[in-house]
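Chemist: Please put together the full structure from these sequences, using the hints given.
Chains as they are written, first to last, in numbering that gives the first Met the number 0: chain E, 0 to 293; chain C, 0 to 293.
Honestly, the hints are just simulated from the structure, not real lab data. If you're wondering where the values come from, they're calculated on a predicted model, not measured in any experiment. Any given hint might turn out to be false.
Copies of the same chain look alike in the list, so a pair counts if it works inside one copy or between any two.
[Unchecked claim] Here are the simulated lysine-lysine pairs, DSSO-like style, with alpha carbons at most 30 Å apart: (1) Lys3 - Lys153; (2) Lys50 - Lys233; (3) Lys233 - Lys191; (4) Lys191 - Lys153; (5) Lys233 - Lys24; (6) Lys24 - Lys196; (7) Lys159 - Lys196; (8) Lys191 - Lys228; (9) Lys159 - Lys233; (10) Lys196 - Lys50; (11) Lys153 - Lys24; (12) Lys50 - Lys228; (13) Lys24 - Lys228; (14) Lys228 - Lys3.
There are 2 protein chains.
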Amino acid sequence: MAIKAAVIGYGNIGRFAVEAVAAAKDMELAGIVRRRASGPLGDIPVATSIKELGDVDVALLCVPSRVVPMQVKELLALGINTVDSYDIHGEITSLRAELGPIARHHDSVAVISAGWDPGADSLIRNLLQFMAPGGITYTNFGPGMSMGHTVAVKAISGVKDAVSLTIPLGTGVHRRMVYVELEEGADFSQVKQAIQKDPYFVHDETHVFAVGDVNNLIDMGHGVVIERKGVAGKTHNQLFRWEMRITNPALTAQIMVAAARAAMRQESGCYTLIELPLVDFLPGEREDWISSLV
Amino acid sequence: MAIKAAVIGYGNIGRFAVEAVAAAKDMELAGIVRRRASGPLGDIPVATSIKELGDVDVALLCVPSRVVPMQVKELLALGINTVDSYDIHGEITSLRAELGPIARHHDSVAVISAGWDPGADSLIRNLLQFMAPGGITYTNFGPGMSMGHTVAVKAISGVKDAVSLTIPLGTGVHRRMVYVELEEGADFSQVKQAIQKDPYFVHDETHVFAVGDVNNLIDMGHGVVIERKGVAGKTHNQLFRWEMRITNPALTAQIMVAAARAAMRQESGCYTLIELPLVDFLPGEREDWISSLV
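Modeler: The structure is reproduced here in structure tokens:
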């Protein structure tokens, strides 16, 4: 029986989530939930409430992180499993503690923070930690667009549109390259100063440029390099490096689809990716993957 | 309460396993089991049977793969959890099927094939598979010594000592560099031909050299690069690369120690690494790791 998945939100990640569900042979798209009513998208049902979509096994929340906790709670209470890519790192532990009892009470499963960071990168950091318990792990992002930083720039007075790129300088240090489209009459040097003083930028090397059209600069490609040099047992100089160059929303959506599959295989509760067996993210029979991957 | 671990076998990996257990703050070394009687090693008890070592929670099998199945069965029947680095890829699924019922019957846990390949590399291949379900994963080993190939060369008539190095040529293709110390009167060209016709070498580009002393060439450093270019959802050209440069027996031993810890946290049964949550390989509290790694 195919897993019936709904996609909540039809922004950047939602569109890719619809594609990733369609590409998953063990899944069926129950429909899309949007805030505002609209007609079906091709043959995909669109609704303003998940209750209109019939039986749904698991919901993929492709909505901003700040609205994730409330929406997950509502879905879990309906007995629907959830997956999100909640990315407020400092709040993950408390969100997990809050959602766990709700999920167990309603016999549902929440998999939280299932994107690429937190998410896939968390798995790599966990792996490195036990392969070389002594040492330092550095996560180096980019080059690529940072959504959080871009939103922060757009909120600054005089900015019509903007994009903030993250450039890795190594050992977890990043440069910010900010491209702004100014509002008419706005003063570039004032805007630049406001950006460089913003909490999102004040600790990083930040360069600001005025451009005619920000849209010409948009490229969803992103990447990360995670490095660790550490000690295995008592042996030093063990070197590890993980690198990926990916289309940000496509990868996030793909990981969410895999996590949705894993959610179907867990006891009720709330989980981060490092708490789930990796084989549970794959379709089909465990034994087949053991013989082909192990 | 510290986990009481015993190390079975005191060869290459066994020595590093003793160090890795000593470095693990949540473990205590119950002792070493060797085939032949010997005195204690410093203050570490040495015995010819694990029964002489008192209470043991988990045994680390640092013995050749071919004797692993029999020894694991005996230990599981004693109610002792086991970890091994069984590396006969084609036999892992059937070993797992054989050990599972024995472990469940005796309420014990076996974690099998917990080295770097199979083991850590299996985890990476699993991760890549669900991040980009379409595509090809290549595992490129080396440069480093191959134990299996070295043993095959040593079995050839006229060879006194040997070492076989694995050189990665990309896309999973490898060159073999074989260094042999000849027995007196042996003919180099005959030895060379025998090596190149051996099943271990016949399919690979193989170069053979005669040297005076093989020991001068020994370096336990090894490495791997795992690469995948694949499709996430319907988005192509997603690029992934995992690289490590490690001391082979030290990393193997470290992974076994982490897997021994994970074994203590599972329901009875037999598991490969991809079937276990990654956080279970780490000491201490799950919540602490979620807040620091996720």
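Chemist: Given a CA cutoff of 30 Å, do Lys24 and Lys228 count as a within-copy pair, a between-copy pair, both, or neither?
Modeler: Answer is between: at 20 Å across copies they meet the 30 Å cutoff, but 39 Å inside does not.
Chemist: Is it within a copy, between copies, both, or neither that the alpha carbon of Lys159 lies no farther than 30 Å from that of Lys196?
Modeler: within (19 Å within a copy, 71 Å between copies)
Chemist: At most 30 Å between alpha carbons: which applies to Lys159 and Lys233, within, between, both or neither?
Modeler: neither (56 Å within a copy, 33 Å between copies)
Chemist: At most 30 Å between C-alpha atoms: does Lys228 with Lys3 qualify within a copy, between copies, both, or neither?
Modeler: This pair counts as between: shortest inter-copy Cα distance 29 Å, intra-copy 43 Å.
Chemist: Within, between, both or neither: how does the pair Lys24, Lys196 come out at a Cα-Cα threshold of 30 Å?
Modeler: neither (49 Å within a copy, 44 Å between copies)
Chemist: Up to 30 Å between alpha-carbons, please classify Lys3 paired with Lys153: within, between, both or neither.
Modeler: Classified as neither; 37 Å inside a copy, 57 Å across copies.
Chemist: Taking 30 Å as the upper bound on the Cα-Cα distance, should Lys50 and Lys228 be classified as within, between, both, or neither?
Modeler: neither (50 Å within a copy, 39 Å between copies)
Chemist: Are the CA atoms of Lys50 and Lys233 at most 30 Å apart within a copy, between copies, both, or neither?
Modeler: So Lys50 and Lys233 pass the 30 Å test across copies only (28 Å; inside, 57 Å).
Chemist: Taking 30 Å as the upper bound on the Cα-Cα distance, should Lys196 and Lys50 be classified as within, between, both, or neither?
Modeler: Answer is neither: 46 Å inside a copy and 67 Å across each miss the 30 Å cutoff.
Chemist: Regarding Lys153 and Lys24, is the shortest C-alpha distance of 30 Å or less found within a copy, between copies, in both, or in neither?
Modeler: neither (40 Å within a copy, 49 Å between copies)
Chemist: Between the shortest in-copy and the shortest cross-copy C-alpha distance, which are at most 30 Å for Lys233 and Lys191: within, between, both, or neither?
Modeler: Neither, since 50 Å and 39 Å both go past 30 Å.
Chemist: Could you figure out if Lys191 and Lys228 sit no more than 30 Å apart (CA to CA) within one copy, between two copies, both or neither?
Modeler: This pair counts as neither: shortest intra-copy Cα distance 38 Å, inter-copy 39 Å.
The structure shown violates the earlier hints numbered 1, 3, 6, 8, 9, 10, 11 and 12.
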